[in-house]
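Chemist: Can you make the complete structure from the sequences, with help from the hints?
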Amino acid sequence: MQLKSRWVQEKARLTALMFLAISLFPLTVVYGGAMVGMDGEPPPVPKLHIIAIGINTYRSPLKYARADAVAVAEALKKSFNGPVQSQVLVDEHATREAIEAAMNAAIADAKPLDVFVFY
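Residue numbers (the numbering used here): 88 to 206.
Honestly, the hints are just simulated from the structure, not real lab data.
Every value quoted in this text rests on a predicted model; they were computed, and no experiment measured them.
Using N, Cα and C, we set each Cβ at its ideal position, and we do this for glycine too.
Don't take each hint at face value.
As the list claims (entries may be wrong) - 20 Å max Cα-Cα, derived DMTMM-like pairs, lysine to aspartate or glutamate:
1. K150 <-> E161
2. K150 <-> D178
3. K134 <-> E97
4. K165 <-> D155
5. K134 <-> E161
6. K198 <-> E187
7. K198 <-> E128
8. K164 <-> D196
9. K198 <-> E97
10. K150 <-> E179
11. K134 <-> D196
To be verified - Simulated DEER-style distance windows between Cβ atoms:
12. N168 <-> P148: 30 to 38 Å
13. R93 <-> E179: 23 to 31 Å
14. E187 <-> Y145: 16 to 24 Å
15. S147 <-> A195: 30 to 38 Å
16. D196 <-> P129: 15 to 23 Å
17. K164 <-> N143: 15 to 23 Å
18. E179 <-> P129: 39 to 47 Å
19. Y151 <-> P199: 30 to 38 Å
20. V157 <-> E128: 35 to 43 Å
Modeler: Okay, here's the thing in structure tokens:
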């Protein structure tokens, strides 16, 4: 149960960080072709953390969950202008343990201004 409690706390922290990233984005301006923050320094480069899950193998199988998870992760990676950490868990690999491990890895690696997508 400690993991769940920790996850709830970290989820709140990541939500706050995402809100902060969205709130601070307008404070970054382009000056002479270079992006600068309010202090004149280049803003930190956010990292995109993606966890995408797609499970086709149910009693009543789905057709596109796996393909959608892969496609969404790839589209996000291609469109993000910065470092990306992506984990796609599909079918039998999308276990509770694997999802918790992916979440814990993202939490441990996340920095202020990073972006997190759970699909």
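Chemist: State for each hint whether it applies.
Modeler: Hints, verified against the model:
A hinted pair counts as satisfied when its Cα atoms are at most 20 Å apart, and K150 with E161 qualifies at roughly 19 Å. Straight-line distance between C-alpha atoms of K150 and D178 comes to about 12 Å, which keeps the hinted pair within the 20 Å bound. Between K134 and E97 the CA atoms are separated by roughly 17 Å; this keeps the pair inside 20 Å, and the hint holds. Restraint check: the Cα-Cα separation between K165 and D155 comes to about 15 Å, which is no more than 20 Å; the hinted pair holds.
With a C-alpha separation of about 15 Å, the suggested pairing of K134 with E161 holds against the 20 Å cut-off. Restraint check for K198 and E187: satisfied, since their Cα atoms lie roughly 19 Å apart, inside the 20 Å limit. With a CA separation close to 18 Å, the supplied pair K198 and E128 stays within the 20 Å bound. Our distance criterion of 20 Å between C-alpha atoms is met by K164 and D196, whose separation comes to about 17 Å.
At roughly 12 Å between alpha-carbon atoms, K198 and E97 fall within 20 Å of each other, so this suggested pair holds. Between the alpha carbons of K150 and E179 the distance comes to roughly 15 Å, so the proposed pair stays at or under 20 Å and holds. Annotation: proposed proximity of K134 to D196 holds, straight-line Cα distance about 9 Å (limit 20 Å). In this structure, N168 and P148 meet the distance hint of 30 to 38 Å, their C-beta atoms being roughly 37 Å apart.
One distance hint, 23 to 31 Å for the beta-carbon pair R93 and E179, holds here, with the actual separation near 26 Å. For the hinted restraint 16 to 24 Å between E187 and Y145, the CB-CB distance of approximately 21 Å keeps it satisfied. About 36 Å separates the C-beta atoms of S147 and A195, a value consistent with the hinted range of 30 to 38 Å. At about 21 Å, the CB distance of D196 to P129 agrees with the hint of 15 to 23 Å.
Checked against the given bound of 15 to 23 Å, the beta carbons of K164 and N143, roughly 22 Å apart, stay inside it. In this structure the hint that E179 and P129 lie 39 to 47 Å apart at CB holds, the actual value being about 44 Å. One distance hint, 30 to 38 Å for the beta-carbon pair Y151 and P199, holds here, with the actual separation near 35 Å. The hint said 35 to 43 Å for the Cβ distance between V157 and E128, and at roughly 37 Å that hint holds.
When the structure is compared with the earlier hints, no violation turns up for any of them.
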